[in-house]
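Q: Here is how the chains run, residue by residue.
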Amino acid sequence: MNTLFDKIWDSHVVASAGGGVSQLYIDRLYCHEATTPQAFEGLRERGIRCLRPERIFCMPDHNTPTHDQDKPIADPVGRAQVDTLERNASEFGLTYFGMNTPDNGVIHVVGPEKGLSLPGMTIVCGDSHTSTHGAMGAVAFGIGTSEVEMVLASQCVLQSKPKSMSIRVEGELGKGVTAKDLALYLMMKISTSGATGYFIEYRGSTIRSLSMEGRLTLSNLCIEMGARGGFIAPDSKTFDYLKGREYAPEGEAWDRAVEYWKTLYSGEDAVFDKELVFDASDVQPMISYGTNPGMSMPIDGRIPADASPKAMEYMGLEPGQSLLGHKVDYVFLGACTNGRIEDFRAFASVVRGRRKAEGVTAWLVPGSWAVKRSIEEEGLDKELAAAGFEIRQPGCSACLAMNDDKIPAGKYAVSTSNRNFEGRQGPGSRTLLASPLTAAAAAVTGVVTDPRELI
Amino acid sequence: MKQKFDVIQSRCVPVKADNIDTDQIIPARFLKETTRDECFYGDNLFCDWRYNADGSPKPGFPLNNPAYSGCILVTGRNFGSGSSREHAAWAIAGYGFRVVVAASFADIHRLNELNNFVLPVSVSEDFLAELHSCIEADPATELRVDLPGECVTNLKTGRSEHFPIGEYKKYCLMNALDDIDFLLSNKNAIEQFESGRKQD
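From first to last, the protein sequence lines are chains A and B. Taken in order, the first sequence gives residues 764 to 1218; the numbers are from my numbering. Taken in order, the second sequence gives residues 20 to 219; the numbers are from my numbering.
Among these hints, one or two may not hold up.
[Claimed, not checked] The calculated DSS-like cross-link candidates involving lysine-lysine, where the alpha carbons are at most 30 Å apart (straight line), are:
1. Lys206(B) <-> Lys926(A)
2. Lys1174(A) <-> Lys23(B)
3. Lys1000(A) <-> Lys1037(A)
[Claimed, not checked] Derived list of chain B stretches under chain A, where covered just means 3 residues or more per stretch with a C-beta under 8 Å from a C-beta of chain A:
4. 34-48
5. 131-137
6. 141-152
7. 196-203
Worth flagging that the hints you see were computed from the coordinates, not collected in a lab. This structure is a prediction, so every number in the text was calculated from the model and none was measured. Just so it is clear, CB atoms sit at the ideal spot from N, CA and C, and this is done for glycine as well.
Just chain B, same shape as in the assembly:
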């Protein structure tokens, strides 16, 4: 959903694993839908880790643990690997997450998050390990994500880190603009490019 992004301060939901692939974020059977209704995908976020086959919640999974709340998902390394399905980003947004913190992201998924106004925040392994420890010890641990300042702070320890975002996407997020607005405003350049090409 298009929404302006500024500073977010929230508790965190930890899903502590490396290489979480998009098949885990949203299994392929949910790709049959033609809707973009984020709530539908959000209800099925991490479906096979979150629910038993009969639809009952698995008590051990963090999304089912009432101790954890907030709009920040904290994961591990290489988050969102595998399939390009944007349904994964829709599910994350639809659940209510606005920020995903990881040690690294898969390229396609990272861009899918940005295109859905979910902010991927890459932090160092150390920062992430400390954050997971803090959340484990105290689920009320809050994180402050400052997009204008490109800075993330663990409010439990006061530790801060710069995170890379890129000027263009930062501008889009802060102003709730999407890429199509930009591209369509640039149609003359596209036509000029086409007429100037030699090969095809």
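Only chain A is shown next, with the shape it has when bound in the complex:
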């Protein structure tokens, strides 16, 4: 009661559908090409239009190649899907950020950086990582295609209100420990279903001290604990980040917005359905060893004796084994998890004075064209090129391998993405989830390496 989650949720309830189900008003719907064609088709079959087209933003990201985006997508099925989104956006009068245009990128990177995702909003997308936008102080969650159709048609979804969970983290993160490591640590502690049925509010001094990029990474990964979503109350960092962004309010509207945003916090008397507390000094650089993100451990740890035999067989690893020194074939920096400018700065900071290891294939994929422009403005592209790395074009890329960026069967990839499921990065691929610092350490040494040794 009296949590920030209650405030935002309750202020968006249009009506009750009975049995605890609410008709919830949605401020922002994002559409990508993979989970929306059937929803638009549904509107056509019903002969209806979008109720509030101005609240809906479309952009392809899942199929986009990370090379030669000026040419048609080679895969005809992927190309047809991207073309379908463009046609649907045009037919239904929706804003469309096309591939290979300055506005495009991974939807969960573009929304915050354009000022489209604002504090106090309800935000949905047919994508589980919609939770990312929670970093802006919004209630943001992933939905299925039927629900995308509902929002297109009525700007509402029908949802049971989730329970509330407070995850409080206090203290300073150690050297070489990032928001990604904190997220993997939380998954290790509470498992991939530990937050099922809950909406998380991240609180405490550690969370407050995270940059906006770090908060976006943390919120992005709450779905990997099963949470419906997760968010962070907005503060001066949020306001500073948003000020002057393309779609953020301006002038008097900005002042009014900030005044409202300042009221968005959980009351002193807030009661959560569940409260967990963690100490930041317990968090080490982390790495996953199995086939779900909860199967993670400190990078200098050993795979638990009771690790799932099925996961061990798939990964080609053994219980009791240390991953330090394990050969790495691929490194992937990018995705809605770690494809922001700070992630590229972190990667470059480890590479500085070193070179890409022989035998490692590295894919460095910015989350958006805006991130790519920042990389170039800061000269990180040249610096990384001199060390043997190439910056590719933006998209979801090897996170789920819907484009050509597939990790071959049996190969090990240290990846800054969000899931290490069987086959996620390509059939037979073996994913080791880690932070940009750990990814860079692997890229320059060719083996799993504790980043603290290089910084």
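Following the hints, put chain B in place on chain A, whose structure we already have.
A: Just chain B, lined up with the frame of chain A:
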């Protein structure tokens, strides 16, 4: 597919594993399609567990075992974790499953099943373990799923359990109504809500 739901009695197909994520239910490469043809997705349900790279069936996988049949899929804990892809629910429905029994479900996938008239039935760990043992011993074991009574019964042992479903979705399933029908009938309330808002 919209269809009325009442009482279902059927044999079961066991896929006995915890944390089955939606990438296993339907791999991302099938998300490129623009169709909603459930048969297409059903043919590729559990694709990488079910088929070898050359397309031949893997004999050990339960969906390829002729001993198992029926419209009830029996799994483990935390079924449907990961991606929000509704393609996973389309694949389950397209294969012909009408009920999924698990110890727990991931939130988004559970709702995707309901929106596709597939009933997610959460049972206790004990009930599930006993059911798996029964099916293993006798693939002819039948389960009775009574939606109006919110009750699931293992007909081999006679053991019954209540399962939670929620009044709204129960009504939708029993009457073959979807959410858009409800939302569109409520358009005045949406407009009233919008005009009554202070901030934006």
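Q: Please go over all the hints and tell whether each is borne out by the structure.
A: Each hint tested on the structure:
{"no.": "1", "hint": "Lys206(B) <-> Lys926(A)", "in the structure": "holds, 28 Å"}
{"no.": "2", "hint": "Lys1174(A) <-> Lys23(B)", "in the structure": "violated, 47 Å"}
{"no.": "3", "hint": "Lys1000(A) <-> Lys1037(A)", "in the structure": "holds, 27 Å"}
{"no.": "4", "hint": "34-48", "in the structure": "holds (count 8)"}
{"no.": "5", "hint": "131-137", "in the structure": "holds (count 3)"}
{"no.": "6", "hint": "141-152", "in the structure": "violated (count 0)"}
{"no.": "7", "hint": "196-203", "in the structure": "holds (count 6)"}
The structure fails hints 2 and 6 (numbered hints given earlier, in ascending order).
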